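S.K.: Residue numbers (the numbering used here), protein chains in the order written: chain A, 1 to 180; chain B, 1001 to 1136.
It should be emphasised that the hints constitute simulated quantities derived from the structure, not laboratory data. Watch out, some of these pointers could steer you wrong.
Said to hold, decoys possible - Every beta carbon over 10 Å from chain A, so not counted as near; a handful from chain B, in silico:
(1) 1016
(2) 1019
(3) 1028
(4) 1047
What the hints assert, rightly or not - Below, a list of computed lysine-lysine pairs in the DSS-like style, where the Cα atoms sit at most 25 Å apart:
(5) A:69 x A:57
(6) A:49 x A:69
(7) A:69 x A:89
(8) B:1110 x A:149
(9) B:1020 x A:104
(10) A:149 x B:1020
(11) B:1020 x B:1110
(12) B:1012 x A:69
(13) B:1012 x B:1110
(14) A:35 x A:104
(15) A:130 x A:149
(16) A:89 x A:104
Claimed, not checked - Quick partial rundown of chain B residues pointing at chain A, CB under 7 Å, derived from the structure:
(17) 1014
(18) 1021
(19) 1025
(20) 1045
(21) 1086
(22) 1091
(23) 1100
(24) 1120
(25) 1131
Fair warning: this is a prediction, and the values are worked out from it, not measured in the lab. Note that beta-carbon positions come from the ideal geometry of N, C-alpha and C, so glycine has one too.
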Amino acid sequence: MTSAAPLSPSAPRPEILSEWVKQDRESIESLFGMKLEQIVELARTDEGKQRLLERMKQIDPSLNGNADKALMTVRENAEQAKKKESFFKKMLLLPVRSVVSLGKGVIRHPILTILLILATYGLVVWQLPKILGYLQALANANAGNAIGKTAEYLKSFLAFSKGTTGKAGEELFKRLPDTM
Amino acid sequence: MNTLFLTAEEQKTFGALPAKLRDGWTVTPAVIVPEDPEELIVRRGMASFANAELRSACERLAETKDSKWEQVLSSLREQAFTREELSEMFFALGVEALNRFIAVVLPSAKTDEDVEFLSALTQVRSMLSEVNGSPA
Chain A
1 MTSAAPLSPS
11 APRPEILSEW
21 VKQDRESIES
31 LFGMKLEQIV
41 ELARTDEGKQ
51 RLLERMKQID
61 PSLNGNADKA
71 LMTVRENAEQ
81 AKKKESFFKK
91 MLLLPVRSVV
101 SLGKGVIRHP
111 ILTILLILAT
121 YGLVVWQLPK
131 ILGYLQALAN
141 ANAGNAIGKT
151 AEYLKSFLAF
161 SKGTTGKAGE
171 ELFKRLPDTM
Chain B
1001 MNTLFLTAEE
1011 QKTFGALPAK
1021 LRDGWTVTPA
1031 VIVPEDPEEL
1041 IVRRGMASFA
1051 NAELRSACER
1061 LAETKDSKWE
1071 QVLSSLREQA
1081 FTREELSEMF
1091 FALGVEALNR
1101 FIAVVLPSAK
1111 TDEDVEFLSA
1121 LTQVRSMLSE
1131 VNGSPA
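Next up, chain A with everything else stripped away, as it sits in the complex (with noise of 0.2 Å):
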């Protein structure tokens, strides 16, 4: 089994640009002007790189001193973009049995509510050292056992993280290109 390396305190923060990550096919194509697969394909070849720079120096001529991170952040935000619609795409084809029982699941596991919605709506909702707080006082709750090692790996990942109140999950479902 490949183990993705729970990010820590101690790791360098990956080079991500918040103000350059969008939520959604929409809007990366209206900033671009182009199309999302368009610019998946620019970021692969360094004379598409130049192009995406010089469009990107275009909407913000204050960029120079960021460009390469900024290209990177723009390069990983299309294909997530895409990623994203792929795997919307998959759950719809997962029968309602499974989607009911995942709900009764949750709901039958608090601790895994609980867990749920902290990492997702916790950022919405609460201020980040808070949310680290209160999944700590779970980890040290549950020290060594599977509860525990979920809210320190959970911990982890939310110190790196950013959430947002927008709505543009609910609308992918109903904006699906037909012909991934």
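The hints should help you fit chain B onto chain A, whose structure is shown.
M.R.: Below, chain B alone, put in the same frame as chain A:
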């Protein structure tokens, strides 16, 4: 779909569950493709958490003392976890979070409902891994 997509380690844990629970389930080896930190940070920035019921539960959770955590959730309905909401949550959280959830649920499975929940979690993890492993 009576299939569980489990890693080798998870298969051992599943094999230790009572035969009555395991009966009727097919175990398929899971292919796990986790995200890297950059991907997860971008996904968080893209996420949309706009369900009023879940937001309200989270707000009440924020005002609750230690021993009351579970009580806050008593009014939360399973219907709040819609297909859309679950998709949004799991995409933002990634494969490793699902690994951790499965590690909580699997060893404590006691009923058929628990195994169905486990199966659903492993299905979502497999779909997410498949997306992670495919070019954009």
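S.K.: Going through the earlier hints one by one, which of them does the structure break, listed in rising order?
M.R.: 4, 7, 10, 12, 14, 17, 18 and 19
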